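Visitor: Given next are the chains, with one letter for each unit.
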Amino acid sequence: MITHEVDNGVYRIKVEGEMTIYHALEHKQALLECLAHCTEMEINLSGVSEMDTSGFQLLVLAKREAARNGRPLRLVEHSPATLEVMDLFNMAAYFGDPVVMTH
Amino acid sequence: MNMDQALQTFLIESRELLQAMEEALLNLESEPDDKEAIGAVFRAAHTIKGSAGLFGLDTIVAFTHVAENVLDKVRSGEVPVNGDLIALLLSAGDHIGALVEQVAAQGVEPDEATRATGDALLQKLKAYLGVAPHSAPVAQPGEMVEHAAALQPSGGGLVGRDTWHISLRFGQDVLKNGMDPLSFIRYLATLGEIVSITTMPDAMPPAEKMDPECCYLGFEMDFRSDADKSMIEGVFEFVRDDCNLRILPPYSRVDEYIQLINDLPEDKVRLGEILINSGAVTQKELDEMLICQTMRAASAESAPPGEDVTPVPPLGEILVQEGMVQKELVDAALGKQKQARESKAQESKFIRVHADKLDDLINLVGELVIASASAALLSQRSRDMMLHEATSTMSRLVEEIRDGALQLRMVQIGETFNRFHRVVRDMSKEIGKEIGLVITGAETELDKTVIEKIGDPLMHLVRNSMDHGIEPAEVRRQRGKPAKGTVRLNAYHESGSIVIEVGDDGGGLNRERILAKALERGLVGPNQSLSDKEIYSLIFEAGFSTADAVTNLSGRGVGMDVVRRNIEALRGMIEIDSEPGAGTTMKIRLPLTLAIIDGFLMGVGSASYVVPLDMVMECIELNEVERQETRERNYINLRGTVLPFIRLRDHFREQGKAGRRENIVVVQYAGQKAGLVVDELMGEFQTVIKPLGKLFGNLKGVSGSTILGSGEVALILDVPALIQRAVNLEAQSVRQDNRAVAVK
Numbered sequence: 001m002i003t004h005e006v007d008n009g010v011y012r013i014k015v016e017g018e019m020t021i022y023h024a025l026e027h028k029q030a031l032l033e034c035l036a037h038c039t040e041m042e043i044n045l046s047g048v049s050e051m052d053t054s055g056f057q058l059l060v061l062a063k064r065e066a067a068r069n070g071r072p073l074r075l076v077e078h079s080p081a082t083l084e085v086m087d088l089f090n091m092a093a094y095f096g097d098p099v100v101m102t103h
Numbered sequence: 001m002n003m004d005q006a007l008q009t010f011l012i013e014s015r016e017l018l019q020a021m022e023e024a025l026l027n028l029e030s031e032p033d034d035k036e037a038i039g040a041v042f043r044a045a046h047t048i049k050g051s052a053g054l055f056g057l058d059t060i061v062a063f064t065h066v067a068e069n070v071l072d073k074v075r076s077g078e079v080p081v082n083g084d085l086i087a088l089l090l091s092a093g094d095h096i097g098a099l100v101e102q103v104a105a106q107g108v109e110p111d112e113a114t115r116a117t118g119d120a121l122l123q124k125l126k127a128y129l130g131v132a133p134h135s136a137p138v139a140q141p142g143e144m145v146e147h148a149a150a151l152q153p154s155g156g157g158l159v160g161r162d163t164w165h166i167s168l169r170f171g172q173d174v175l176k177n178g179m180d181p182l183s184f185i186r187y188l189a190t191l192g193e194i195v196s197i198t199t200m201p202d203a204m205p206p207a208e209k210m211d212p213e214c215c216y217l218g219f220e221m222d223f224r225s226d227a228d229k230s231m232i233e234g235v236f237e238f239v240r241d242d243c244n245l246r247i248l249p250p251y252s253r254v255d256e257y258i259q260l261i262n263d264l265p266e267d268k269v270r271l272g273e274i275l276i277n278s279g280a281v282t283q284k285e286l287d288e289m290l291i292c293q294t295m296r297a298a299s300a301e302s303a304p305p306g307e308d309v310t311p312v313p314p315l316g317e318i319l320v321q322e323g324m325v326q327k328e329l330v331d332a333a334l335g336k337q338k339q340a341r342e343s344k345a346q347e348s349k350f351i352r353v354h355a356d357k358l359d360d361l362i363n364l365v366g367e368l369v370i371a372s373a374s375a376a377l378l379s380q381r382s383r384d385m386m387l388h389e390a391t392s393t394m395s396r397l398v399e400e401i402r403d404g405a406l407q408l409r410m411v412q413i414g415e416t417f418n419r420f421h422r423v424v425r426d427m428s429k430e431i432g433k434e435i436g437l438v439i440t441g442a443e444t445e446l447d448k449t450v451i452e453k454i455g456d457p458l459m460h461l462v463r464n465s466m467d468h469g470i471e472p473a474e475v476r477r478q479r480g481k482p483a484k485g486t487v488r489l490n491a492y493h494e495s496g497s498i499v500i501e502v503g504d505d506g507g508g509l510n511r512e513r514i515l516a517k518a519l520e521r522g523l524v525g526p527n528q529s530l531s532d533k534e535i536y537s538l539i540f541e542a543g544f545s546t547a548d549a550v551t552n553l554s555g556r557g558v559g560m561d562v563v564r565r566n567i568e569a570l571r572g573m574i575e576i577d578s579e580p581g582a583g584t585t586m587k588i589r590l591p592l593t594l595a596i597i598d599g600f601l602m603g604v605g606s607a608s609y610v611v612p613l614d615m616v617m618e619c620i621e622l623n624e625v626e627r628q629e630t631r632e633r634n635y636i637n638l639r640g641t642v643l644p645f646i647r648l649r650d651h652f653r654e655q656g657k658a659g660r661r662e663n664i665v666v667v668q669y670a671g672q673k674a675g676l677v678v679d680e681l682m683g684e685f686q687t688v689i690k691p692l693g694k695l696f697g698n699l700k701g702v703s704g705s706t707i708l709g710s711g712e713v714a715l716i717l718d719v720p721a722l723i724q725r726a727v728n729l730e731a732q733s734v735r736q737d738n739r740a741v742a743v744k
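Protein chains in written order, with the working numbering: chain A, 1 to 103; chain B, 1 to 744.
What the hints contain is simulated information worked out from the structure, not anything from laboratory work. The structure displayed is predicted, hence computed values, not measured ones. The reader is advised that the hints may include incorrect statements.
[Said to hold, decoys possible] Not the full set, but computed from the structure, chain B residues with beta-carbon under 8 Å of chain A: (1) Pro181; (2) Ile185; (3) Arg186; (4) Cys215.
Ideal Cβ placement from N, Cα and C applies to all residues, glycine included.
When you get a sec, could you build the whole thing from the sequences and use the hints?
Guide: Structure below.
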């Protein structure tokens, strides 16, 4: 489930539940949709209960697309599941976001 | 991990998934738009394929892959859901089940018949796909060998350090095949230390072309481990065909790194950075490599100009900076990871236990019950109050343990019932009647061993109801009933037993024809007057199971004697309620458990007998007058109703001295009551049922034995049989009286 609120062109997106292949299509559309309209984007990952490679790829895609269009994209409040994947793939630096514990 | 255990888990999971898949498919039949159900079917197939892949069960993967592709199209709405598709998918599910049983459980190749079915199904499935399924990218197996050979020292000079360099590019289909690169990397990490890892997302196409269900990632890893090359390759065994894997052993030659860089699709400078960063090569070596490469490129004239010799001094510094940022992140992540693991442990509330272990436990509890009965008896005799108190506390606890242990084996009957959705569906198609199934009481629990054995008899009864019970649609309409017939499955608890009902709203049994048939077969005499129930139960007689009885009679009777035998083997009984034109209900009555019961202990002469406590209604002491009366006839007047009884002393030819007093124990089963006349009432007794040997198989009136605290053996009475006997005796004597009157 992806929800978002808009604050002066800044899209604050919240992903809830699994970020896995079962939702990949739906998530991709939602993310790209937001990317197309935003001036700045923030993805809140605190609600992500599970992440697999496809979910992670979408974050990479979003980051890349945002960079291509010159729009800042931040990942915030990484959930444990997200952090584990980031760590395993050693990609925290790629996103360059400070990691803050949510709990 | 122990592969055998893992395989067992796979088997259990697959069966459950197939079950879920079947249920979802049946749901889809009534609600074709149910997105949840489509998702469930897809997930089941997807997961089975993935797990089968992990075990290298290629036959299962190959078949399931096609089924999954079709399901994917269903999910995306490209293929509409209709009856044909559901039928096909159900058969596909069955076929996967057959493959799992043969290939995974027995470890054999599928037999001819299965393979033929599989091929036929594949044809049909592929018709939905329209095009031939694309083949996965295939890695060249030759590569590994080549590198292994290159281990020979040669002029290129050794570089790097004590780490393996693993270069991995996943094929796009791995995710769809149910495999996640994450799990391979996690697994690799168990074999050694991943010194560094760089994720290469470069292969990801532009957003609009990117398929979120494809994998575009590649990895460059440095891995320190004592494992040998084949072990490292083994990690990726299951994706071997689906990925491009290169492994460079520690201290590989510069040449090989150059070869690697050249072979990989990503930008060469970037790859160089990664190698430096990971420490596999040094800056100097890299420069050399790049020069080498330029020279080769120049000689081959194939590389595009501009990307070759770009010395890279600043990059290293940047990477080091990144490395520092990274370290903090990793530490934070590790902390989080640990927390996640702890909360996960709390979430898993179920454990799987092998059924044998439970059986062992129940056996032990049985022995414990006997031992504690013996202790209780001794303490009673010793007249030591303290000891008595201690043993009675223990007895109570033993009782609780017994109930708890038995509870562990209790299973809801719903799962067994749900299987019939499919049976009813398939069979109604087969015989061309429209029939629905209604299930109630699915949450009723009973012993696992009973559930396992009840499946076949139920199947028989349901098929019978559908085939012979429910009339064809025209007849139903003429009789003013809805054209669609209904079969009901119901379960509930009743006085220590469970009742399972199989009902239909069909034509009911034809009393006259059954009676005529029974007379013809000599099952009843011409003068016998029988109640409706007795007549209906004739269809369970062996004589009714012949083929011509099926055609002549309104149909019922195919192997019904087998059904009854099976149920009686479970200490149960079956009876029939039938109303002409309105339907038939078969009631199966089974004991809740087969192992330990609460019994009621009675003494006759020197022997002891036990009846299940749940069946005991009341105990009455017979006074002298009544005792005289009961000598002459075999019924008494119990508060205005006739109660037939059996004198156990006579029934079992007990020789011992008659007691001063006699008691009558009123027992009830299946709505019938009878009395058992005994000498002594000895009270409640936890009874561990021990089966009688084969020798006593035909013994009427006794269903088992148990061991008393004193070490003596007591027989457990078969109450249903005794009641039947008492009622019959009484009916006979009534008939004789009638005849005597008629003669006069």
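Visitor: Closer than 8 Å between Cβ atoms is the bar; does B/Cys215 clear it against chain A? Give me holds or violated.
Guide: For B/Cys215, the interface hint holds, since the closest Cβ of chain A sits about 6 Å away, which is under 8 Å.
Visitor: Regarding the hint that B/Arg186 lies at the interface with chain A, is the smallest CB-CB distance below 8 Å?
Guide: Since chain A brings a Cβ to about 7 Å from B/Arg186, closer than 8 Å, the hint holds.
Visitor: Hint check: is the beta carbon of B/Ile185 less than 8 Å from a beta carbon of chain A?
Guide: holds, 6 Å
Visitor: Verify the interface restraint on B/Pro181: the C-beta must sit less than 8 Å from at least one C-beta of chain A.
Guide: At 5 Å from the nearest chain A Cβ, B/Pro181 passes the 8 Å test, so the hint holds.
In this structure, none of the earlier numbered hints is contradicted; all agree with it.
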